[in-house]
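Engineer: Now for the letters of each chain:
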Amino acid sequence: MATAEELAKSQREISVAEFFEKNRHLLGFDNKRKALLTTIKEAVDNSLDACEEGRILPEIIIEIVEMSEDRFKVTIEDNGPGIIKKQIPKIFGKLLYGSKFHKLSQTRGQQGIGISAAVLYAQLTTGRPAAITSRTSPSKPAHYYELHIDTQTNEAQVVKDDEKKWAKDRGTKIEVYLEGSYQRGMQSVDEYIKETAIINPHTTIIYTNPKAEQFIYSRATDKLPTLPKEIKPHPHGVELGMLIRMLNNTETKSLQKFLTEDFSRVGPGTAKEICEHAAIPPKTSPGNLNREQAEKLKKGIDATKIMAPPTDSISPIGEALIEKGLKKEINAEFYSATSRPPSVYRGNPFVIEVGIAYGGDIPADQSVTLMRFANRVPLLFQQGACGTTEAISKTNWRQYGLSQSSSSLPQGPVVILVHMASVWVPFTSEAKEALAHYPEILKEIKLALQESGRKLGIYLRKKNKVSTELKKRSYIEIYIPHIAAALKELLGDKGFDDKQVERMLREILESNRGKLEDMKFDPTKNKEFDESMALEIKKKEEEDDSKEES
Amino acid sequence: MTAKKSPDTAITSVAQDVYKTIMKQQSPALDMPLRSLTNVKYDPKDGYFELLGKMKTRTLTANTAKTFAQTLRMMTLSKKLIATNDIATKRDAYYQSKGDWGEAGFGDQVESDAIMDDMEAMLMINREQLGFIPDEDGSSCTGELIVVDNDPITGEKIEIDCTKFGTGGYSIPNTVDQLKFKTKAKFVLAIETSGMYQRFVYHKFWKKYKCILVSLKGVPSRATRRFLRKLQDENKLPVYVFTDGDPYGYLNIYRTLKVGSGNAAHINEYFCVPDAKFIGVTPQDIIDYKLPTHALKDVDIKRVKDGIKNDPFVKHHKPWEKALRQMVKEKKRAEQQAFAAKHLNYVMDTYIPDKLKNPKTWLP
Chain W
1 MATAEELAKS QREISVAEFF EKNRHLLGFD NKRKALLTTI KEAVDNSLDA CEEGRILPEI
61 IIEIVEMSED RFKVTIEDNG PGIIKKQIPK IFGKLLYGSK FHKLSQTRGQ QGIGISAAVL
121 YAQLTTGRPA AITSRTSPSK PAHYYELHID TQTNEAQVVK DDEKKWAKDR GTKIEVYLEG
181 SYQRGMQSVD EYIKETAIIN PHTTIIYTNP KAEQFIYSRA TDKLPTLPKE IKPHPHGVEL
241 GMLIRMLNNT ETKSLQKFLT EDFSRVGPGT AKEICEHAAI PPKTSPGNLN REQAEKLKKG
301 IDATKIMAPP TDSISPIGEA LIEKGLKKEI NAEFYSATSR PPSVYRGNPF VIEVGIAYGG
361 DIPADQSVTL MRFANRVPLL FQQGACGTTE AISKTNWRQY GLSQSSSSLP QGPVVILVHM
421 ASVWVPFTSE AKEALAHYPE ILKEIKLALQ ESGRKLGIYL RKKNKVSTEL KKRSYIEIYI
481 PHIAAALKEL LGDKGFDDKQ VERMLREILE SNRGKLEDMK FDPTKNKEFD ESMALEIKKK
541 EEEDDSKEES
Chain A
1 MTAKKSPDTA ITSVAQDVYK TIMKQQSPAL DMPLRSLTNV KYDPKDGYFE LLGKMKTRTL
61 TANTAKTFAQ TLRMMTLSKK LIATNDIATK RDAYYQSKGD WGEAGFGDQV ESDAIMDDME
121 AMLMINREQL GFIPDEDGSS CTGELIVVDN DPITGEKIEI DCTKFGTGGY SIPNTVDQLK
181 FKTKAKFVLA IETSGMYQRF VYHKFWKKYK CILVSLKGVP SRATRRFLRK LQDENKLPVY
241 VFTDGDPYGY LNIYRTLKVG SGNAAHINEY FCVPDAKFIG VTPQDIIDYK LPTHALKDVD
301 IKRVKDGIKN DPFVKHHKPW EKALRQMVKE KKRAEQQAFA AKHLNYVMDT YIPDKLKNPK
361 TWLP
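Sequence order for the protein chains is W and A.
Sequential numbering of the first sequence, starting at 1, is according to our numbering.
Sequential numbering of the second sequence, starting at 1, is according to our numbering.
Read the hints as simulated data drawn from the structure, not as lab findings.
Treat the hints with care, since some could be wrong.
As the list claims (entries may be wrong) - In silico BS3-like cross-links for lysine-lysine, where the CA-CA straight-line distance does not exceed 30 angstroms:
| id | chain 1 | residue 1 | chain 2 | residue 2 |
| --- | --- | --- | --- | --- |
| 1 | A | K24 | W | K472 |
| 2 | W | K488 | A | K79 |
| 3 | W | K488 | A | K90 |
| 4 | A | K236 | A | K45 |
Please model the entire structure based on the sequences and the hints provided.
Structural biologist: So this is what it looks like as structure tokens:
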């Protein structure tokens, strides 16, 4: 048997980079096809975040060049504020380094892991360093770096450090060589970029795919989304463990100060009320609270009415733009969008937005097509594991006129868009592919779905009514001649004018029926529809995660 | 037993009304009595379920355009049948619609049967007079009876002696209104099952008891009911009914034979045998003769309870109500054949003769 001493010899610290080298599937690099997509996605997320924070209308240039079989050179360039020299190696060459992990704000990136993971993946598959060019102002030169990641120490190894002439006044460009695989379809880079353009109407994207086809998605609006604000956690939804951690880490000296300064929406009055409900003096030092007292405090918080967290920390897309986005992409006969008021889970405010498109070009005889977004980032993988899928499956769509077997996605010619905007979007894994199943979030998604679903139901009932009515009218046409003919036979030809009888019958039957609205699908009615943006809805098997190459 | 108006006149007058309404630019409508147990009453003086007068109106709308057209089409078919002195079965009528009716043709015989029932109710004329005959024939008859029929081609009278069929029997035709009877029989015994009927024929029961034997084959067809009715009315013969001792025998076979049914309320007047008596097997017989029994199923018990509560016939006849309550209590049923447990001819030699002597053991 091995002694503890012997065991200790093999016990050593594992570097983060080393850990992710072994677990790269957690970051979305499970296979070549996904690796290519994830690399682009991480770079684009960062570019968009940087541009919005710098209040610059984003213009992103993406280029994929196929170097040899399964080898690609990927370049992503933005017009953002740029990155100062000394930060470049840390941002691109060190995992878990970033500006976003330590604050609560609605951004695309969260952990500071994505882009460096892409650099690491590129290095692992091709051995080539990542090249980064960045310029922060026209008065300064552009910095050029080539760097590796040391997987033992999780530090950047600078291969080349240079200054460079760059036509751009400011911005950042990253070039990596990596092993990947390019495919079209529902889970492709093409699709990701298209959906990104739709959900970010203020962005221009110029994209060249490996087939040397260039797509230009020009911005649809010059209005930047309002800048989401950083916020402190909201007391409601803070779990006990987190509360204890906050109590231990706070710099405040009294419970009252702790409540007012470390939380949002708590003023002195509310803080006193919480303390009263918890039966703990407001002057108590937060660090002195034991576990039971913390639990009492939690109950006190729950018993106190507190204003909802500030909504300006969230920047929703809005019903109008969601509907516009859907119209651009899908030529359907009916659209509806719902933007819910902000709600809270675990102290994090969030907003759920839903869009529904029905009919038209959408294929009918399969389950609905789902488009998922989190903080304006398309989610293309792990649909089955996503909270949105659960919320849709658990919504009763039959009442809105769609067929649905119990607890599964409804069937029909429908595209459902779900967007979650939050200061902290909970994902089921670091790869950020599926929303975690928090009851508060599922509830909001369901409410949004129901609201849009009701509008769909009204539309479908009306459509149904019109089609029954049309059927009935055709009945009149079919059977009137039979009635006239039978009467003629029964009463004899003499003085019997069957044409007149038919005319009279038509008048009698149609006078009871009003004018009819034409509800047939008119493919030219949707002026927003842009064929180059058309969503490719394939047969379901092709977008099944499990069928992917491993 | 014919309608006040001739069938042809009745059809024409309905068509006339429809035509006139159309010409006034109003929606034409066809009125017919509602056919259901809720629309019948039982008056023992008349002896059958009579309509209460609830009406169903089929107004011409886009929804009813098809059935409306079909009803009128069916009326033209009937008019033709009457004019050419021809007949058509329900199945024939269904296929006729497949000919030149085009889109107004029936998808299924169920549809054409329903229209036929509607038409019958609307005109208050039974369908035999409209030229339609049932698909199934009547059942058999043997015994002290001479049936006078007409040769279908020559119209010449034909006498059929029902004692001369050996081990077989006279087959009651689909329409019986043209028949006349000569008989010296004292009563008619109507038997539910063919097997039991066969035993009575085989041993010439009819000779010894001077009677007429009729097989019912379950719920008797209209022709059989008309046939029995004619024997009752025209020859003043009592009709005794012998069925299994179970809810179906009581409430379906016997009740329908005697007073008619809710669904066919508009024609009960012609197809009932109001003076018929139920000779057995009664719930009391099951006990008295110690018959082998089967347990009643829950649905049977439900059927009996429903009969006690809702059937106007049972509600009127206390002995029936009592008998049915007894059945609910005992939860048992016995078949006609159950007497064979004693010996094969016990039913013929002992049971029926005993019962004939004791009218007190009958049910009304």
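Engineer: Work down the list of hints and note, for each, if the structure agrees.
Structural biologist: Taking the hints in turn, this is what the structure says about them:
Between K24/A and K472/W the CA atoms are separated by roughly 23 angstroms; this keeps the pair inside 30 angstroms, and the hint holds. Between K488/W and K79/A, the direct Cα distance comes to roughly 12 angstroms. Compliance with the 30 angstroms bound is thereby established for this hinted pair. With a CA separation close to 24 angstroms, the supplied pair K488/W and K90/A stays within the 30 angstroms bound. Simply put, K236/A and K45/A have alpha-carbon atoms about 17 angstroms apart, close enough for the 30 angstroms limit, and the pair holds.
Hint compliance for this structure: every hint is met.
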